[in-house]
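Listed in order, the protein sequences are those of chains G and E. Residue numbers for the first sequence follow full-length UniProt numbering, so the first one is 1 and each next one is one higher. Residue numbers for the second sequence follow full-length UniProt numbering, so the first one is 1 and each next one is one higher.
Calculated directly from the structure, the hints in this document are not laboratory data. You may find that some hints are simply not true.
[Stated by the list, open to error] Calculated cross-link-like contacts (lysine-lysine; reagent style DSSO-like; alpha-carbon spacing at most 30 Å):
hint: 1; chain 1: G; residue 1: Lys128; chain 2: E; residue 2: Lys58
hint: 2; chain 1: G; residue 1: Lys70; chain 2: G; residue 2: Lys123
hint: 3; chain 1: G; residue 1: Lys96; chain 2: E; residue 2: Lys58
hint: 4; chain 1: G; residue 1: Lys70; chain 2: G; residue 2: Lys32
hint: 5; chain 1: G; residue 1: Lys70; chain 2: E; residue 2: Lys58
hint: 6; chain 1: E; residue 1: Lys58; chain 2: G; residue 2: Lys87
hint: 7; chain 1: E; residue 1: Lys58; chain 2: G; residue 2: Lys32
hint: 8; chain 1: G; residue 1: Lys83; chain 2: G; residue 2: Lys95
hint: 9; chain 1: E; residue 1: Lys58; chain 2: G; residue 2: Lys64
hint: 10; chain 1: E; residue 1: Lys343; chain 2: G; residue 2: Lys83
hint: 11; chain 1: E; residue 1: Lys158; chain 2: G; residue 2: Lys128
hint: 12; chain 1: G; residue 1: Lys81; chain 2: E; residue 2: Lys343
hint: 13; chain 1: G; residue 1: Lys95; chain 2: E; residue 2: Lys58
hint: 14; chain 1: E; residue 1: Lys382; chain 2: G; residue 2: Lys81
hint: 15; chain 1: E; residue 1: Lys109; chain 2: G; residue 2: Lys128
hint: 16; chain 1: E; residue 1: Lys58; chain 2: E; residue 2: Lys377
hint: 17; chain 1: E; residue 1: Lys382; chain 2: G; residue 2: Lys70
hint: 18; chain 1: E; residue 1: Lys377; chain 2: E; residue 2: Lys284
hint: 19; chain 1: E; residue 1: Lys166; chain 2: E; residue 2: Lys109
hint: 20; chain 1: G; residue 1: Lys123; chain 2: E; residue 2: Lys158
hint: 21; chain 1: G; residue 1: Lys81; chain 2: E; residue 2: Lys58
[Unchecked claim] Covered stretches of chain G, as calculated for chain E (at least 3 residues, CB under 8 Å):
hint: 22; region: 99-109
hint: 23; region: 135-141
hint: 24; region: 147-154
Ideal Cβ positions, reconstructed from N, Cα and C, are used throughout, including at glycine.
What follows is the residue order along each chain.
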Amino acid sequence: MASTDDKVILKSSEGECFEVDMAVASHLQIVKSVLEDCEGSSDKVVSLFIVEAKYVAMIIEYYKNYVELKEKHEEGGFEEKLKEFEKQFLEQIDKKELKGLVMAVNYLNAPALFDVVCTAIAKHIENKSVEYVREYFGIVNDFTAEEEAQIREEHRWAYDGVNDD
Amino acid sequence: MVFQKKQGVNQLIPGLPDDMAVECLIRVPYQFHSCMKSVCLTWQSLISSPSFYQERRKSATPEQILCLVQPLPADMESPTTATGKEDDQRSRYALTIYNVTYNIWQRTKPVEGIPIFCQCLTFQSSGKILLLGGWDPTTLEPVPHVYILDMVGETAGKWRHGAPMKVARSFFACAVAGESSVYVAGGHDGQKNALRSAEVYNVDRDEWTTLPDMIEDRDESQGLAWEGDPRFWVVSGYGSESQGQFRSDAECYDPVTGSWSKVEEVWPFASNSPRGANATVNNKKRKNQWWWFLGGEQLRQLGERAENGDEKLTVSSVVGVPDWISGTNLSATVIGGATRNSKHRVFVMSGGGGGSSSLVCGECDGEGAFIVDVDEKTGSSKWNHVHTSPGFSKFPYSASYLSV
Numbered sequence: 001m002a003s004t005d006d007k008v009i010l011k012s013s014e015g016e017c018f019e020v021d022m023a024v025a026s027h028l029q030i031v032k033s034v035l036e037d038c039e040g041s042s043d044k045v046v047s048l049f050i051v052e053a054k055y056v057a058m059i060i061e062y063y064k065n066y067v068e069l070k071e072k073h074e075e076g077g078f079e080e081k082l083k084e085f086e087k088q089f090l091e092q093i094d095k096k097e098l099k100g101l102v103m104a105v106n107y108l109n110a111p112a113l114f115d116v117v118c119t120a121i122a123k124h125i126e127n128k129s130v131e132y133v134r135e136y137f138g139i140v141n142d143f144t145a146e147e148e149a150q151i152r153e154e155h156r157w158a159y160d161g162v163n164d165d
Numbered sequence: 001m002v003f004q005k006k007q008g009v010n011q012l013i014p015g016l017p018d019d020m021a022v023e024c025l026i027r028v029p030y031q032f033h034s035c036m037k038s039v040c041l042t043w044q045s046l047i048s049s050p051s052f053y054q055e056r057r058k059s060a061t062p063e064q065i066l067c068l069v070q071p072l073p074a075d076m077e078s079p080t081t082a083t084g085k086e087d088d089q090r091s092r093y094a095l096t097i098y099n100v101t102y103n104i105w106q107r108t109k110p111v112e113g114i115p116i117f118c119q120c121l122t123f124q125s126s127g128k129i130l131l132l133g134g135w136d137p138t139t140l141e142p143v144p145h146v147y148i149l150d151m152v153g154e155t156a157g158k159w160r161h162g163a164p165m166k167v168a169r170s171f172f173a174c175a176v177a178g179e180s181s182v183y184v185a186g187g188h189d190g191q192k193n194a195l196r197s198a199e200v201y202n203v204d205r206d207e208w209t210t211l212p213d214m215i216e217d218r219d220e221s222q223g224l225a226w227e228g229d230p231r232f233w234v235v236s237g238y239g240s241e242s243q244g245q246f247r248s249d250a251e252c253y254d255p256v257t258g259s260w261s262k263v264e265e266v267w268p269f270a271s272n273s274p275r276g277a278n279a280t281v282n283n284k285k286r287k288n289q290w291w292w293f294l295g296g297e298q299l300r301q302l303g304e305r306a307e308n309g310d311e312k313l314t315v316s317s318v319v320g321v322p323d324w325i326s327g328t329n330l331s332a333t334v335i336g337g338a339t340r341n342s343k344h345r346v347f348v349m350s351g352g353g354g355g356s357s358s359l360v361c362g363e364c365d366g367e368g369a370f371i372v373d374v375d376e377k378t379g380s381s382k383w384n385h386v387h388t389s390p391g392f393s394k395f396p397y398s399a400s401y402l403s404v
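Chain G with its partners taken away, still in its complex shape (with noise of 0.2 Å):
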């Protein structure tokens, strides 16, 4: 059994298998948490129900990389090179996918990623005009023209000498 201890096969919902290294599955707290209660098991199959394929994959290359980024750089400079494969990771992710995958790293409990996840949908709202937030994540204005009029001049930051930073 001790042989097996570190890989872990992970099952999506329309049950495909993913076999993952333990170290990278440790960082998903649901999986830890299957694994402990069925301890002694020589089954290291973990059903992520209601989570298809393409998230697990997603997740697991995350942290794949996460696990591999950190052992290489372990002197310092982790969180740089960590940042550079995030740019690079959200690249590939479409705005339908971005909530998928929130719910997913959600219900699989996996802080690091649930954080770079919501900061990326975050930033389609940061320095962004109030019309493209509401056609990015179709919201429907209900405002009443003279609500919406007398909203923005309320809440208008009457702001002197804002920097360019």
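Dock chain E against the given chain G, drawing on the hints supplied.
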């Protein structure tokens, strides 16, 4: 069920459960929050609720903000009067909001401006900034005014008036103690009489209550209070007859007994005000610490100073200020509240013209600002330069910290 679809127009982000949408929205930087209120009704009510900011402090990284009462740069004074020569000698003030997290310098004031030398205090739990007293910018008479700027909630970003102090005063001691109280004591009135009167403001009830007088008159005294301790301390100051001769004693108001008690030999520098260059620090193990930021002559004068007994006001640390800091006054504000460990960050500004240190960038109007990393355990302090945007380099008369 995690994936349960809550269909309906009221979802914060369509297609995402609300608890996860909140997790995303709390990660948007503070400066965009007012804009987010204009997106839809559900966002408006979310961002307007104090719980949004509690959530933000809990699971996202809240932003660190310093509130500084600063004179406006010369070219921005009296913007409406091109002729206004008669105003030239008077400084106009505004409230600077320095966002430490994003390094953004901004300025705000009520339409009529803020009093000169007003005191700035903050309430973390309700996200409020208060400006108290000071001088009318035109008449230079002390005023009892209270201005409140809400940083969170429905009225965020708008200035309003609080109930005025019972006594118009300037150069008084003040501090926030407990959940919702502001203590104010001493200072001087319109006839330059040093005051011994004291009062307390309840910010939730918007109400001032007169306290018993202090034992002494104390103009230009320093107010102190510590998180988790209801007492209010007033250090040094001077009476009307001995102007500029700073007392060495302090007084402590205990709301439990409702009375003042005196503590001797607290402030050793008779020719210097204790205001500004000190900070109250708390950590889990060592509570009620009082730090002094001293340089040059004062630091040498101090030498070995015997500590007072337990129940008295004691200086727990003296942080040496490097000689290259060129300003004569110093304003020190601790960034962040009580910490779990021994490390603290303190924002320091002198308003000096800039010395020869390689730490100073040379692009600031003066020497800019500094953040000192102090480790209680090792006693080490590391000075880091903070670039100040043009027009933000003057000495902050009063400063306070808030996280949003």
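Verification of the supplied hints:
Annotation: proposed proximity of lysine 128(G) to lysine 58(E) holds, straight-line Cα distance about 25 Å (limit 30 Å). Distance restraint check for lysine 70(G) and lysine 123(G): the Cα-Cα separation of roughly 25 Å lies within the 30 Å cut-off, and the hinted pair is therefore satisfied. With a C-alpha separation of about 27 Å, the suggested pairing of lysine 96(G) with lysine 58(E) holds against the 30 Å cut-off. Between the alpha carbons of lysine 70(G) and lysine 32(G) the distance comes to roughly 20 Å, so the proposed pair stays at or under 30 Å and holds.
This hinted pair checks out: lysine 70(G) and lysine 58(E) have alpha carbons roughly 26 Å apart, not beyond 30 Å. At roughly 25 Å between alpha-carbon atoms, lysine 58(E) and lysine 87(G) fall within 30 Å of each other, so this suggested pair holds. Between lysine 58(E) and lysine 32(G), the direct Cα distance comes to roughly 24 Å. Compliance with the 30 Å bound is thereby established for this hinted pair. Pair hint lysine 83(G) plus lysine 95(G) holds up; C-alpha atoms about 20 Å apart against a cutoff of 30 Å.
A hinted pair counts as satisfied when its Cα atoms are at most 30 Å apart, and lysine 58(E) with lysine 64(G) qualifies at roughly 28 Å. Straight-line distance between C-alpha atoms of lysine 343(E) and lysine 83(G) comes to about 26 Å, which keeps the hinted pair within the 30 Å bound. At most 30 Å may separate the alpha-carbon atoms for a hinted pair to count; lysine 158(E) and lysine 128(G) meet this at roughly 22 Å. Straight-line distance between C-alpha atoms of lysine 81(G) and lysine 343(E) comes to about 27 Å, which keeps the hinted pair within the 30 Å bound.
Using a Cα cut-off of 30 Å, the hinted pair lysine 95(G) and lysine 58(E) holds, with the two alpha carbons roughly 27 Å apart. For the hint linking lysine 382(E) to lysine 81(G), the alpha-carbon distance of about 27 Å falls within 30 Å, and the restraint holds. Pair hint lysine 109(E) plus lysine 128(G) holds up; C-alpha atoms about 26 Å apart against a cutoff of 30 Å. For the proposed pair lysine 58(E) and lysine 377(E), the alpha carbon gap of about 27 Å is at most 30 Å, so the pair holds.
Using a Cα cut-off of 30 Å, the hinted pair lysine 382(E) and lysine 70(G) holds, with the two alpha carbons roughly 28 Å apart. Under the criterion of a C-alpha separation no larger than 30 Å, the hint pairing lysine 377(E) with lysine 284(E) is consistent with the structure, at around 13 Å. Pair hint lysine 166(E) plus lysine 109(E) holds up; C-alpha atoms about 23 Å apart against a cutoff of 30 Å. Taken as a hint, the lysine 123(G) and lysine 158(E) pair is honoured in the structure, with Cα atoms around 26 Å apart against an allowance of 30 Å.
A threshold of 30 Å between alpha carbons decides the hint, and for lysine 81(G) with lysine 58(E) the separation of about 27 Å falls inside it, so the pair holds. Look at the region 99-109 of chain G against chain E: 5 of its residues bring a Cβ nearer than 8 Å to a Cβ of that chain, three or more, so the hint holds. Under the rule that three or more residues need a Cβ within less than 8 Å of chain E, the assignment of the region 135-141 of chain G holds, with 5 such residues. Under a criterion of three residues with beta carbons nearer than 8 Å to beta carbons of chain E, the stated coverage of the region 147-154 of chain G is upheld, 4 such residues being counted.
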